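**Student:** Given next are the chains, with one letter for each unit.
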Amino acid sequence: GQQVMQIPQYQHVQEGEDFTTYCNSSTTLSNIQWYKQRPGGHPVFLIQLVKSGEVKKQKRLTFQFGEAKKNSSLHITATQTTDVGTYFCAGAWGFNKFYFGSGTKLNVKP
Amino acid sequence: NAGVTQTPKFQVLKTGQSMTLQCAQDMNHEYMSWYRQDPGMGLRLIHYSVGAGITDQGEVPNGYNVSRSTTEDFPLRLLSAAPSQTSVYFCASRWPNYGYTFGSGTRLTVV
Chain A
1 GQQVMQIPQY QHVQEGEDFT TYCNSSTTLS NIQWYKQRPG GHPVFLIQLV
51 KSGEVKKQKR LTFQFGEAKK NSSLHITATQ TTDVGTYFCA GAWGFNKFYF
101 GSGTKLNVKP
Chain B
1 NAGVTQTPKF QVLKTGQSMT LQCAQDMNHE YMSWYRQDPG MGLRLIHYSV
51 GAGITDQGEV PNGYNVSRST TEDFPLRLLS AAPSQTSVYF CASRWPNYGY
101 TFGSGTRLTV V
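If you're matching them up, the sequences are chains A and B in order. So for the first sequence, the working numbering puts the first residue at 1; every next one is plus one. So for the second sequence, the working numbering puts the first residue at 1; every next one is plus one.
In short, the hints are calculated from the structure, not lab data. What you are looking at is a predicted structure, and each value in this text was computed from that prediction instead of being measured. C-beta atoms are modelled at their ideal positions from N, C-alpha and C, and glycine is treated no differently. Any given hint could be a false lead.
[Said to hold, decoys possible] DSSO-like, lysine-lysine: derived pairs with alpha carbons at most 30 Å apart:
hint, chain 1, residue 1, chain 2, residue 2
1, A, LYS70, A, LYS97
2, A, LYS51, A, LYS109
3, A, LYS105, B, LYS9
4, A, LYS97, B, LYS9
5, A, LYS36, B, LYS9
[Said to hold, decoys possible] Covered by chain A, according to a simulated footprint, are these stretches of chain B (three or more residues, beta-carbon under 8 Å):
hint, stretch
6, 18-27
7, 36-50
[As the list claims (entries may be wrong)] Covered stretches of chain A, going by a simulated chain B footprint (3 or more residues, C-beta under 8 Å):
hint, stretch
8, 15-21
9, 42-50
10, 85-97
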């Protein structure tokens, strides 16, 4: 079946350090979405990337979609304690079904 | 605007029992999906729908049924509960070419 691999599984950073999580697919994706889930909460949509090589920014968050549309990354600059949570990518092949990665759990030490 | 409403929030079932998890959205979204979330495994797609009367299987459909008679409602039926179905279930809806709005989840325990 279709799979999206996400690494790392966990990341512990000191407040102010940067953070990056990566998603990879063995086949070309049609698009990819990113979500954040706070502890005990539900996933919240952050962004969607569709075009090859696309880069989008939301304040301290930078999202990239690879040229081959097989990988994507989320980078957070200067983490804050409010960034704590699990970040998921969700890839689609054909725009209808989204398959989630296993997530990267971010812990930020103040 | 309530968004996506899931009921119940918590449920304990005995092995072999059946039940329906309810999901309703008031945003007129065409697309709706059911995911289950287990520790360390992310969210796995159970069933999804691209409109009223149209449903299809996801990654882990066995043991679950869905129907979509209206745009608003997308119930998930567990036919004969098994301990392996212990999980947190999320219903989500979206417009085409946009991200999902998730409900707050149903925490199901099968004993």
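**Student:** State for each hint whether it applies.
**Tutor:** Hints and how they fare:
{"no.": "1", "hint": "LYS70(A) to LYS97(A)", "verdict": "16 Å, holds"}
{"no.": "2", "hint": "LYS51(A) to LYS109(A)", "verdict": "35 Å, violated"}
{"no.": "3", "hint": "LYS105(A) to LYS9(B)", "verdict": "24 Å, holds"}
{"no.": "4", "hint": "LYS97(A) to LYS9(B)", "verdict": "25 Å, holds"}
{"no.": "5", "hint": "LYS36(A) to LYS9(B)", "verdict": "21 Å, holds"}
{"no.": "6", "hint": "18-27", "verdict": "violated (count 0)"}
{"no.": "7", "hint": "36-50", "verdict": "holds (count 8)"}
{"no.": "8", "hint": "15-21", "verdict": "violated (count 0)"}
{"no.": "9", "hint": "42-50", "verdict": "holds (count 8)"}
{"no.": "10", "hint": "85-97", "verdict": "holds (count 5)"}
Against the hints set out earlier in the document, violations occur for numbers 2, 6, 8.
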